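Using the numbering used here, read the sequence shown as starting at 822 and increasing by one per residue.
By construction, these hints were calculated from the structure, which means they are not laboratory data. All values reported here derive from a predicted model rather than from experimental measurement. Some clues are possibly wrong.
To be verified - Computed beta-carbon distance windows for the label pairs:
(1) 993 / 1049: 29 to 35 Å
(2) 993 / 1160: 50 to 56 Å
(3) 1097 / 826: 22 to 28 Å
(4) 1137 / 897: 54 to 60 Å
(5) 826 / 993: 26 to 32 Å
Think of the CB as a built atom: it goes at the ideal place given N, C-alpha and C, for glycine as much as any other residue.
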Amino acid sequence: MAEAEPPRPLPRYGEAALADLVPALMHALGADEFPDPLGLDPLSSVALLVVDGLGFELLRERAAAAPFLAGTALRALPLTAGFPATTAASIASIGTGRPPGEHGLVGYTVWLPGEEGALNMLTWGPYGVRGGAGDTIHRLLPEEVQPDATAFERATLAGIDVVLIGPRLHSHSGMTRAVLRGGRYRPAISLADTALQIVDAVSERARRFVYAYHPDLDAVGHLRGTASEAWTLQLSDIDRTAALIAERLPAGAALVVTGDHGMIDLPPRSRVDVDDHPELTAGLRLLAGEARARHLHVREGAVEDVIAAWRAHLGDRMWIVSREQAIDEGWFGPHVPARIRARIGDVIAAAHGDVGVFQRSVDPAQARMMGHHGSLTLAEQLVPFVMVRR
């Protein structure tokens, strides 16, 4: 008899998800039109530092390497990233204040109806070996792919001054235009530079919201693994930097630190290449998403056969459901408009075991990575909610 699959720990949309964070902070700054599911006290200004790849479970395991962050995070309830637990979806949830089913960036790679292949949401270009961005940003305008007002645009209308700090490469990127528009962007060149710019920005005036993003922890995790000494040292650097920012906050201000997802390490034996398994590509038109959160876009009439084949091969390590079931169960949030539904795979395969699904013919680099994320497991979903007030 087949072993029953584990229960799915769904994101806590509307209660304690990344999509709820910025609205709650804007409410604390006096913008009453924003909801406040987190129940925060009033603030004069706030800095939100998003550390890519900072998972709650990882922070708990490495508390000794990050005493400042862990000391606060472990006394507070963590947030859930949302599905999928990946940078594109999570940053979009933070920037728009909406779950993935509403903002529409439903994966690291997403198939947009009418396109030949999937779009890499982070580079805003064709996914995989097909090349770089090219003219994609002019053909698929970010403001049309995600047309709703961002939380930053709505906050600006409410009289809150918004500043964004992050890598120069992101200043005018498709992602920034799609989900972070509404604030003034200040490029940062390092972690230390990010910290000092945060302190300057949050000290300049009241009713200011500062959003800052730092990518290095995630990069180290993907390439070296979260169990590596390099990852732990990077975490320690971030911890010391966050403590420095907190020490220099002006009175009435707050520093909030969170992540966009957690991460797990996958050894080579846990990596499944669909090109090595014809039964996994039968009926498959396009594979989007990422290794632990796959969107399967299938040929007409093939949904049931694809579900059966994937469950037979991977059902002991993945939740494999139809698009309709995932939407009905609330994986992507309580509402999924019609224009977003087609971006979601006909079939969703989300890992709960020690496995990742790759396609080396499309993305050989991803198949070589050690650290991965995207699914509904607590290790991938939970991110810290660190809040320090002055």
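For each hint, the structure was consulted:
{"no.": "1", "hint": "993 / 1049: 29 to 35 Å", "in the structure": "holds (33 Å)"}
{"no.": "2", "hint": "993 / 1160: 50 to 56 Å", "in the structure": "violated (25 Å)"}
{"no.": "3", "hint": "1097 / 826: 22 to 28 Å", "in the structure": "holds (24 Å)"}
{"no.": "4", "hint": "1137 / 897: 54 to 60 Å", "in the structure": "violated (35 Å)"}
{"no.": "5", "hint": "826 / 993: 26 to 32 Å", "in the structure": "violated (43 Å)"}
The structure does not agree with the numbered hints 2, 4, 5 stated previously, though it agrees with the rest.
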